[in-house]
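So the chains spell out like this:
2 protein chains.
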Amino acid sequence: MVSRSVYKAAGIVEDTRGIAHRVAQISVSAIKQMPVLASKVGGCVSLGQGIPSFSTPDFIKEAVIDALRHDDAIGKYSLQPGIPELKVAIAKRLQREKKIPYINPETELFVSCGAMEALAASISAIVERGDEVILTSPNYSSHIEQILFAEGVPVFAPLIEEKGWQLDLHAIEKAISSKTKAILLCSPANPTGTIFAEQDLRAVAQLAIKHDLFLIADEAYDFLVYDDIPYFSLASMPEIKDRVLSFYSFSKIYCMTGWRVGYMYAPTRIIDQVLKVHDAFAICAPTISQYAALAALRETNGKDGKGDESIRALVQALRARRELTCQRLDRLTTLFSYQKPKGAYYIFPKILRSGMSSMELALALLNEAKVITVPGEGFGPTGEGHIRFSFGGTEDVINEAFNRIEQWAGTL
Amino acid sequence: MVSRSVYKAAGIVEDTRGIAHRVAQISVSAIKQMPVLASKVGGCVSLGQGIPSFSTPDFIKEAVIDALRHDDAIGKYSLQPGIPELKVAIAKRLQREKKIPYINPETELFVSCGAMEALAASISAIVERGDEVILTSPNYSSHIEQILFAEGVPVFAPLIEEKGWQLDLHAIEKAISSKTKAILLCSPANPTGTIFAEQDLRAVAQLAIKHDLFLIADEAYDFLVYDDIPYFSLASMPEIKDRVLSFYSFSKIYCMTGWRVGYMYAPTRIIDQVLKVHDAFAICAPTISQYAALAALRETNGKDGKGDESIRALVQALRARRELTCQRLDRLTTLFSYQKPKGAYYIFPKILRSGMSSMELALALLNEAKVITVPGEGFGPTGEGHIRFSFGGTEDVINEAFNRIEQWAGTL
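As you go down the protein sequences, you meet chains Z and S in turn.
Counted the way the numbering used here counts, the first sequence spans residues 5 to 416.
Counted the way the numbering used here counts, the second sequence spans residues 5 to 416.
Worth flagging that the hints you see were computed from the coordinates, not collected in a lab.
Any given hint might turn out to be false.
Pairs involving identical chains hold if they fit within one copy or between any two copies, as the list cannot separate such chains.
[To be verified] Keeping only pairs whose Cα atoms sit at most 20 Å apart, straight-line, the calculated SDA-like set for lysine to any residue is: (1) Lys-214 / Gly-22; (2) Lys-310 / Ala-71; (3) Lys-102 / Ser-237; (4) Lys-178 / Arg-408; (5) Lys-178 / Asp-135; (6) Lys-374 / Glu-364; (7) Lys-310 / Arg-73; (8) Lys-310 / Asp-76; (9) Lys-344 / Ile-233; (10) Lys-44 / Asn-108; (11) Lys-245 / Thr-20; (12) Lys-44 / Glu-112; (13) Lys-245 / Val-92; (14) Lys-167 / Val-319; (15) Lys-103 / Pro-271; (16) Lys-44 / Thr-272; (17) Lys-183 / Gly-22; (18) Lys-374 / Arg-408; (19) Lys-245 / Asp-19; (20) Lys-44 / Leu-83; (21) Lys-44 / Pro-88.
Let the sequences and hints guide you as you build the complete structure.
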């Protein structure tokens, strides 16, 4: 289900002599490869990788500048699980946002090189070769890579597109086998922007209890919910505290994608094991980025801090970009139909042009319209027939991209 | 050969229910765990983890401050393999230092979250379950973790202690089997400070050709050589260009341990595969750290740049610290004998006190003398009976640590 088309499109012939199966079987992520292809095309605008246009807020950058001038420790390794003060601030944030009575900052969380590092390390720590992990389809392609890397088997439970890409509980239950080790859910979801309903998440939690499974909750977009939709986090359920591994990032909420800092909350015994992988791959998260993260959390209290203000402004701007994106898609009804996203900054329209694969469309848009997008095929078996647009870019970028797409569509 | 004593010492009982073998089998690194234990003891001085006392040079920090104020891209993802300009600068550095005629910066290298990430990713990419990797003993414990993580089998070829911990070619050849996939060498070596002799490295290269093996060269300390000893890099041998994977770091050379930025040089086809792992674990190296790395290389020309000056000052200071460390060890001849290191900032003395394991000694020094060290047992089968001291700390720290050790020794 993971194709090699991007490689082929890039004219790359893979030579996997002597390469371990766990890596040879993984396809190169289209999300990361499209910008590389685009750099060869030149003059492209991007609805591709999820890099919002916003800069890291000034109050964070100024705190880092101050530390660069006055605190030598900023250039040195931190303790391997992270700066203790940052871990305390993270515990507070999670307790407040997820309504968790108490989190031990010393043992129940650690700071990682972005949520991705903690996710990859955790999946490697709990998935034995041949173990199955249930994912939604579509699902963020990196999770698929991470499961394959651990020599696990991704088993897909399709989302219900016509219900706004909500969970299909029946499909999830049907996917459970004696080899199932975990269920992985990403909410708000990438690439669909779904906020999974609380009742469905509670039902999945019951399935996990019943079948003794881990739950892997990628909540990197947990702050980014539109229309006052209620957001529910698996981390807030005490009855699954011993089996839920939750992942968070500073990348999206504070416009810090390049800083590579995130964190994980899980039972102590799991953190202990995942730290072994963290040690082998990363030693510690970048110390300077941990300083930035601490500056961000210090100004965030859930009410009126500079961090809260920047988050509110971000959500407001992205809501407007979502509206714009939907309006522009409404003018392309012969090409696309879509489910309006409720969170994150992705939309995953269905391609209505029959006979055109998602990769063909993405490459045509790249080469002919000079618009970067991500083909749906990499997001699981039901991703084909769709394309992912990010609306993280400015309104100008979004308008320019859709102008080009409209013009290109006119030539068909 | 990897014991769980540090965990035991910390009173941690591992609960590995549901944990994958690749991780459950790994022991927690004593290098990283000792500071955690020490934080509970309080008032310790450190000869432990390799964190030099020096700050990241001001010219690097100022370049980063300037970019924080004027370049929004510093907060965003870079291209996954690294900032193109940085890759060009890295290629230039390698060409100059390793006398390599040409390196393609686009395809033959990538920028990682420290050398460790690239090493772990590469070992995961080439080591299939059950494959053997030949290491020296002693050897840096993280390499052992990385091989175990890939479900490979570390096979140790002892170094010759009485010859200053040089390679034993016979032992390496004897260690080769039909399952051998690679030979891993770290020169200047951690924990022994050995500079492996050119003729021996050339002989190992011939073995690799003869038996069709990869060579993994961890050269994170390649700038740190004392006494004008000639340093030879496997990366400079054209006849093994298709099989050598070389790893470098900004951590030591520019006192940037906390920035988590390094790089890897290898055949294009290997880079292509390792980037899949990099994508699943890291996405990209921290962009801000890549800016710092670029600032460092811009001021380094092998002659009279600010970077060259800071490297020279660093080597000079560390040479003095090595002398001091050896002088202090010369006053402890009933406790230790040692081989004088020729590079890096580690010394690996033999423990002369019979019946005392390296862990017992390290814990006694921690709890009774309040000095952090690293027990030798984690560095491979012949590491036991030794202890690692880092002389990265200031002369004051080194003197204070040895004062305490002397006082403690007086109580025996």
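Each hint, compared with the structure:
no.	hint	in the structure
1	Lys-214 / Gly-22	between (42 Å within a copy, 16 Å between copies)
2	Lys-310 / Ala-71	within (18 Å within a copy, 22 Å between copies)
3	Lys-102 / Ser-237	within (7 Å within a copy, 52 Å between copies)
4	Lys-178 / Arg-408	neither (43 Å within a copy, 64 Å between copies)
5	Lys-178 / Asp-135	within (16 Å within a copy, 37 Å between copies)
6	Lys-374 / Glu-364	within (14 Å within a copy, 65 Å between copies)
7	Lys-310 / Arg-73	between (22 Å within a copy, 18 Å between copies)
8	Lys-310 / Asp-76	between (26 Å within a copy, 19 Å between copies)
9	Lys-344 / Ile-233	within (13 Å within a copy, 66 Å between copies)
10	Lys-44 / Asn-108	between (49 Å within a copy, 16 Å between copies)
11	Lys-245 / Thr-20	between (41 Å within a copy, 17 Å between copies)
12	Lys-44 / Glu-112	between (45 Å within a copy, 18 Å between copies)
13	Lys-245 / Val-92	within (19 Å within a copy, 48 Å between copies)
14	Lys-167 / Val-319	neither (24 Å within a copy, 64 Å between copies)
15	Lys-103 / Pro-271	within (17 Å within a copy, 50 Å between copies)
16	Lys-44 / Thr-272	between (47 Å within a copy, 18 Å between copies)
17	Lys-183 / Gly-22	between (29 Å within a copy, 12 Å between copies)
18	Lys-374 / Arg-408	within (8 Å within a copy, 67 Å between copies)
19	Lys-245 / Asp-19	between (44 Å within a copy, 16 Å between copies)
20	Lys-44 / Leu-83	between (41 Å within a copy, 13 Å between copies)
21	Lys-44 / Pro-88	between (44 Å within a copy, 13 Å between copies)
This entry does not satisfy hints 4 and 14, going by the numbered hints stated previously.
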